[in-house]
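Got chain A; can you put chain B on it based on the hints?
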Amino acid sequence: MLCCCFFMLHFVCRSSCENVKFEPVLTIDTMNPTVKKVEYAVRGPIVQRAVELERELSEGMKKPFAEVIKANIGDAHAMGQQPITFFRQVLALCSYPELLNDSTFPEDAKSRAHRILQSCGGNSMGSYSASQGIDSVRQDVARYIERRDGGVPCDPDDIYLTTGASDGIVTMLKLLVCGEGAARTGVMISIPQYPLYSAALAELGAVQINYYLNEETCWSLDIGELQRALDEARQYCNPRALCIINPGNPTGQVQSRECIEDVIRFAAKERLFLMADEVYQDNVYAEGCQFHSFKKVLFEMGPEYSNTVELASFHSTSKCYMGECGFRGGYMEIINMDDEVKAQLTKLVSVRLCPPVPGQALMDLVVNPPQPGEPSYDNFIKERTATLSALAQKAKLTEQVLNTVQGISCNPVQGAMYSFPRITIPEKAIKEATDKGQQPDMFYCMKMLEETGICLVPGSGFGQKDGTYHFRMTILPPNDKLQILLNKVKEFHQRFTQQYS
Amino acid sequence: GALSQSSTQAVNGVSHRGKVLTLDSMNPNVKRVEYAVRGPIVQRAVQIEKELKEGVKKPFTEVIKANIGDAHAMGQKPITFLRQVLALCSYPELLEDNMFPEDAKKRARRILESCGGHSIGAYSASQGIECIRQDVARYIERRDGGIPSSPDNIYLSTGASDAIVTMLKLLVCGEGRSRTGVMISIPQYPLYSAALADLGAVQISYYLDEDKCWSLDVAELRRALNAARQHCNPRVLCIINPGNPTGQVQSRQCIEDVIRFAKEEHLFLMADEVYQDNVYAEGCKFHSFKKVLFEMGPEYSSTVEMASFHSTSKCYMGECGFRGGYMEVINMDPEVKAQLTKLVSVRLCPPVPGQALLDLVVNPPQPDEPSYTTFMKERTAVLAALAEKARLTEETFNTVPGITCNPVQGAMYTFPRITLPQKAIDKAKEEGQVPDMYYCMRLLEEEGICLVPGSGFGQREGTFHFRMTILPPTEKLKVVLQKIREFHLRFTQEFS
Chain A
6 MLCCCFFMLH FVCRSSCENV KFEPVLTIDT MNPTVKKVEY AVRGPIVQRA
56 VELERELSEG MKKPFAEVIK ANIGDAHAMG QQPITFFRQV LALCSYPELL
106 NDSTFPEDAK SRAHRILQSC GGNSMGSYSA SQGIDSVRQD VARYIERRDG
156 GVPCDPDDIY LTTGASDGIV TMLKLLVCGE GAARTGVMIS IPQYPLYSAA
206 LAELGAVQIN YYLNEETCWS LDIGELQRAL DEARQYCNPR ALCIINPGNP
256 TGQVQSRECI EDVIRFAAKE RLFLMADEVY QDNVYAEGCQ FHSFKKVLFE
306 MGPEYSNTVE LASFHSTSKC YMGECGFRGG YMEIINMDDE VKAQLTKLVS
356 VRLCPPVPGQ ALMDLVVNPP QPGEPSYDNF IKERTATLSA LAQKAKLTEQ
406 VLNTVQGISC NPVQGAMYSF PRITIPEKAI KEATDKGQQP DMFYCMKMLE
456 ETGICLVPGS GFGQKDGTYH FRMTILPPND KLQILLNKVK EFHQRFTQQY
506 S
Chain B
729 GALSQSSTQA VNGVSHRGKV LTLDSMNPNV KRVEYAVRGP IVQRAVQIEK
779 ELKEGVKKPF TEVIKANIGD AHAMGQKPIT FLRQVLALCS YPELLEDNMF
829 PEDAKKRARR ILESCGGHSI GAYSASQGIE CIRQDVARYI ERRDGGIPSS
879 PDNIYLSTGA SDAIVTMLKL LVCGEGRSRT GVMISIPQYP LYSAALADLG
929 AVQISYYLDE DKCWSLDVAE LRRALNAARQ HCNPRVLCII NPGNPTGQVQ
979 SRQCIEDVIR FAKEEHLFLM ADEVYQDNVY AEGCKFHSFK KVLFEMGPEY
1029 SSTVEMASFH STSKCYMGEC GFRGGYMEVI NMDPEVKAQL TKLVSVRLCP
1079 PVPGQALLDL VVNPPQPDEP SYTTFMKERT AVLAALAEKA RLTEETFNTV
1129 PGITCNPVQG AMYTFPRITL PQKAIDKAKE EGQVPDMYYC MRLLEEEGIC
1179 LVPGSGFGQR EGTFHFRMTI LPPTEKLKVV LQKIREFHLR FTQEFS
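Chains as they are written, first to last, in my numbering: chain A, 6 to 506; chain B, 729 to 1224.
So here's chain A without its partners, still in its complex pose (with noise of 0.2 Å):
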């Protein structure tokens, strides 16, 4: 009865206010364009119809598969990467203060946890700290660089921590935006690229400028192709900025040295703001690739570069061997930019206050590892290499495997830690995908994965040539898992070609 009242109270009460609008205030045509625009393949809506498809797995509905294998995202740990025992022990001692008592922790972690400490406000990870950054940690970034590029100098003021790499690269992106019409921001970024660049261009209201990777080459960047993509944006916007993510992502290329002197003429010449997007700067796999950073090239190239380009470099807490996404570590370090611009930085990363403390912790830990002499040293360098002997091991299987595929033909997977395969699509299938309104790659992947469990992410997210499909797939299930994976995707590709004939 009272149930029937309510209803009825709360008909009434729409029906009277009928006459007033009763349209929402937030819809999709009164909310903010710019955001309409952004996408994110990587968590986009094949990722969501796998999060279906393991809840109703979890209800108990039958599928050819047992579990959905999450092959999108580079998140190591989730796929079974173990983390490394002495940042964990740091951390659970600097959210524990009690534990520095405890004899089962070695004495080089409790050193760490004491000094991360005490630059802690009240001696508490819980504090806020400067919103650059705590200080200690900036300065030990700053000699990891020092020591990482062979003694090139680097001022640990120039260092800003970071929200994971992301919150970095978005806030330059940001500052570099300005101008309307044919004087709007350009910023250049490869394509394939990772999607974040594309969604904070659109988000921001900037103009993407494309450069083509070159699948051929085994996707090296060609200053041909830079020069190309630059003349013609110069038509329609102000080309500002270039980005370029080395080692690749999606395509796992360790650009040659010379390929960064190029990149770096031509930022010159051209006048661009460069982003370089280093998280991948340890997962480096093949034989005869080696990370050059781009800050390391920039001085070696002598002061009529190394005094005037402008640059900024990216890291992360979240890849490499460490794997700790979830922490959101990271940092930049900007060279050569405007005194003026670098306070307008510093202003506008203190209104968010400062990056999460247990990130910078760990961040702290990945530029200062245990020594040789340190209790966890042995340790620690075990379990580093493990993980990065695995990945090495894991491209290399993935590559093998894929190559022996027809209609699938995978570049080696110089580094990262994905593979981009460019697969052959029948022209069957394309038709069918076109007539059901969705690319042929995502039409491909959300065919794999309601057949087999296995989710992708479409070539399609990150970009490619016209007429050419991929997908991205991780290489980080563990090495029997991923063994079955990948046959599970020849198998799958078989039949789809099969099928589509």
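Certain hints may be false.
Stated by the list, open to error - The list that follows gives simulated cross-link-like pairs (lysine-lysine, BS3-like), each with its CA atoms no further than 30 Å apart: (1) K179(A) / K1065(B); (2) K897(B) / K41(A); (3) K778(B) / K436(A); (4) K1065(B) / K115(A); (5) K781(B) / K115(A); (6) K786(B) / K1206(B); (7) K441(A) / K1065(B); (8) K347(A) / K778(B); (9) K301(A) / K274(A); (10) K179(A) / K805(B); (11) K834(B) / K352(A); (12) K67(A) / K42(A); (13) K42(A) / K897(B); (14) K786(B) / K1157(B); (15) K115(A) / K1206(B); (16) K495(A) / K433(A).
Said to hold, decoys possible - Computed footprint of chain B on chain A; a stretch qualifies when at least three of its residues, placed anywhere within it, have a C-beta under 8 Å from a C-beta of chain B: (17) 160-171; (18) 224-234.
I should point out that these hints are in silico values taken from the structure, not numbers from a laboratory.
All values reported here derive from a predicted model rather than from experimental measurement.
For every residue, glycine included, the Cβ atom is placed at its ideal position computed from N, Cα and C.
Below, chain B alone, put in the same frame as chain A:
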């Protein structure tokens, strides 16, 4: 060193016409952003700290940072239970360690099981770990006397600031006179003004009534709104309760009035409730906007669009560094909600330690659990200390001629009004400074106490204030209050 910005030397035939990124070629909105809580006075305070460290002689031996609501930095202790669980989550080997109570281990296991690979190092779902969102929903239901909360309406965030900025971003559209206008109190927490500047939205200021303990008057809301309608499209009303910097705890009646107003005027309501446990004054009580909305019946509860914000940074936890928070969205259009979900996915997820911490805040030890007694003891001690310091602050300031301090009903700050002699105002202008900034800078240089001038939060024209936290330990607070009193008398004397 870099070549000078204006250098036009040609090197190797390439002319250097200055940098790519300059003040003139950067994002103009960013230039308009100000955030006083960490602004120029704090930069000076940090500089002075450095000088002290280097042995420079000062009239004081330490800088007291009473500018920012950072409880741990001021000596407040973390809640033991929370940190035990976080340690267990960070280093699960400790689950074997019998120094940890069972209820802590149980919470840790549950959190770890909800993480990818059972590690807090995995990314979570972008909306936040599901079981935590469920716990948040249950917390809200308990808090609000049973009013249902759907976990699907909960978005975990990187501090409350993150969610506030995200919502404002969603809401901003239009050009020129149809540009979105957002109502915010004066005084306000300057995240709002900063975000609105960054987004290029129009800030619509409504004045709180200092004479009535910073209460909110709907007539003033109406005045501000009507004036604003001439130059923008007002769509949002933001309210901070308990207030920052002003500390007032809105009456239930007032909250109803605001809801009614939002409905009448077709405004999206944003309720910043991060200080919801920080209520000190007799007769004051926290009423969540969600609860009041639903108690007003379906005419309101099924129509008014609202987002409420909470955080792990304040209350009794004070865990600012973990950047934990959430928002609850009510009556959001499903298509917009899908856009919101998409938008937060680009940043992957909020920090997982912060999510874990939030889980413990909304799911604390229960009466039958081993950690309950200590937890309650610690929580009560923190809140009681804050209440005492709130009272002490108000009392002390009100004994100073030229300082009047409203009761600190809640939150963590005092926002007293200061009388500045005309000569001081003139001197400030000479120095090119806003008068209360001049005052606060002098206080910093002479006593080493860092406050934030009222101009950083907004205030009625011709009035001056400062915001000081009530966070230092009681003994230190007494000293700080004493020094401010002495400074104020000295300052008034100097400019008489």
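- Query: Honestly, which of those hints from before does the structure not fit?
  - Reply: Hint check: 3, 4, 10, 11, 12, 15, 18 fail, others pass.
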